[in-house]
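Sequence order for the protein chains is B and V. If you count the first sequence from 1, you need to add 372 to reach the numbering used here. If you count the second sequence from 1, you need to add 372 to reach the numbering used here.
Hints may be right or wrong, so weigh each one.
Here are some chain B residues pointing at chain V (derived, C-beta under 8 Å) [said to hold, decoys possible]: (1) Y441; (2) P487; (3) Y534; (4) D535; (5) L568; (6) L571.
Derived from the structure by calculation, the hints contain no laboratory data. Every residue, glycine too, gets a C-beta built ideally from N, C-alpha and C.
Protein chains: 2
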Amino acid sequence: MDRQGIALVLSAPSGTGKTTLVGMLREEFPQLCYSISCTTRAPRQGEVDGKDYHFLSREKFLRLKDERYFAEWAEVHGNFYGTPLAPVREMLEQGRDVLFDIDVQGARQVKQNLPEAFFVFILPPGFEELRRRLHARGLDSEEVIQRRLANAGKEMKEAVWYDALVVNDRLEDAYARLRAAYQTATLAPRCRRQMLRALLEDFA
Amino acid sequence: MDRQGIALVLSAPSGTGKTTLVGMLREEFPQLCYSISCTTRAPRQGEVDGKDYHFLSREKFLRLKDERYFAEWAEVHGNFYGTPLAPVREMLEQGRDVLFDIDVQGARQVKQNLPEAFFVFILPPGFEELRRRLHARGLDSEEVIQRRLANAGKEMKEAVWYDALVVNDRLEDAYARLRAAYQTATLAPRCRRQMLRALLEDFA
Numbered sequence: 373m374d375r376q377g378i379a380l381v382l383s384a385p386s387g388t389g390k391t392t393l394v395g396m397l398r399e400e401f402p403q404l405c406y407s408i409s410c411t412t413r414a415p416r417q418g419e420v421d422g423k424d425y426h427f428l429s430r431e432k433f434l435r436l437k438d439e440r441y442f443a444e445w446a447e448v449h450g451n452f453y454g455t456p457l458a459p460v461r462e463m464l465e466q467g468r469d470v471l472f473d474i475d476v477q478g479a480r481q482v483k484q485n486l487p488e489a490f491f492v493f494i495l496p497p498g499f500e501e502l503r504r505r506l507h508a509r510g511l512d513s514e515e516v517i518q519r520r521l522a523n524a525g526k527e528m529k530e531a532v533w534y535d536a537l538v539v540n541d542r543l544e545d546a547y548a549r550l551r552a553a554y555q556t557a558t559l560a561p562r563c564r565r566q567m568l569r570a571l572l573e574d575f576a
Numbered sequence: 373m374d375r376q377g378i379a380l381v382l383s384a385p386s387g388t389g390k391t392t393l394v395g396m397l398r399e400e401f402p403q404l405c406y407s408i409s410c411t412t413r414a415p416r417q418g419e420v421d422g423k424d425y426h427f428l429s430r431e432k433f434l435r436l437k438d439e440r441y442f443a444e445w446a447e448v449h450g451n452f453y454g455t456p457l458a459p460v461r462e463m464l465e466q467g468r469d470v471l472f473d474i475d476v477q478g479a480r481q482v483k484q485n486l487p488e489a490f491f492v493f494i495l496p497p498g499f500e501e502l503r504r505r506l507h508a509r510g511l512d513s514e515e516v517i518q519r520r521l522a523n524a525g526k527e528m529k530e531a532v533w534y535d536a537l538v539v540n541d542r543l544e545d546a547y548a549r550l551r552a553a554y555q556t557a558t559l560a561p562r563c564r565r566q567m568l569r570a571l572l573e574d575f576a
């Protein structure tokens, strides 16, 4: 291991192209880890406990939450989801980079619990373009699209405290920026403590 | 102008390859500005006041220094040198990026006077390699090389508070890291205030 790992947090309004960008990043950097989340929802066909998710009872989840076990957690449609903090810290110590693909509420919690993480907000180029993309992908009803657009406006108000803003105007340009941000995050002295210490000893 | 400018501060021990890296950066990004420094030394043959330097009397320089006119200043071989802060702030407001190619003492002052600057420290891969490079360039006596190596060790102790550490092991790799750091610095929300405001209005 030549450095500590970094936690890279990506947030984006729905339809902004985050999934595509994350896919490109993981293809170029297969060493980027996800941590396994905990959830209180029932396993779906084929899902394996401890691999896809840690499936927990509601009681267990809420107890762990109170014990500050999670880097971030959320309730979605009555089910709880959370990312355990300790395994993330362990991966970082081992020099593995960990990707958080989470919404602004989750990112805010990670900022509290893992302040050394690097936060990237992916933005749409504008309202009309996001609406066009949400229609073009053909996944949602008009009502759902309206809700997504309204949420996008709310979520983007949080962008101001992120470390880097990446506008997804052209995919290749947005990816180049995201890639630069990831690479730069790994250059922080807190990731290079051992290298710096060895270098200072070399010059002592 | 689509964003505010950033102040990019580069420091490196002598012989680390900073001049080469700065040259590559300025070739790829000709819009990167230097500000004109003030000095108390006499103009050399062909140097133009207000273009190469602002040539000031010692009295004037010291008064300006006391008035906190400089982003950073230093005394070198009995002459004073300083970078005026106001023109830098003006360039940043106009969306122009400003490069500071300065030592750790100067960088520390910029950190105080322009805390939003982005600080990159360029490091040699090790003691023996730096010694080899200093000999290979054939500019210095053995005595001067010894002093440079000793200074390098002292300067690198400051690297810990910089934003990014770039080891110049292979020039192309080091340049790619420096380039990523520069690009990422420009993605900070404080550089993209207008864009973000416009986008939020678009979604309001």
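Here is how each hint holds up against the structure:
Checking Y441/B against chain V: minimum C-beta separation of about 31 Å lies over 8 Å; hint violated. A distance limit of 8 Å between C-beta atoms decides the matter here; for P487/B the minimum to chain V is near 15 Å, and the interface restraint is violated. Contact between Y534/B and chain V, as hinted, is supported at the beta carbon level, the nearest pair being about 6 Å apart and thus within 8 Å. Interface hint at D535/B: satisfied, since its Cβ lies 7 Å from the closest Cβ of chain V, which is below the 8 Å cut-off.
A hinted interface residue such as L568/B counts as satisfied when its beta carbon comes closer than 8 Å to some beta carbon of chain V; here the least separation is about 6 Å, so the hint holds. Because the smallest distance between the Cβ of L571/B and any Cβ of chain V comes to about 6 Å, under 8 Å, the interface hint for this residue holds.
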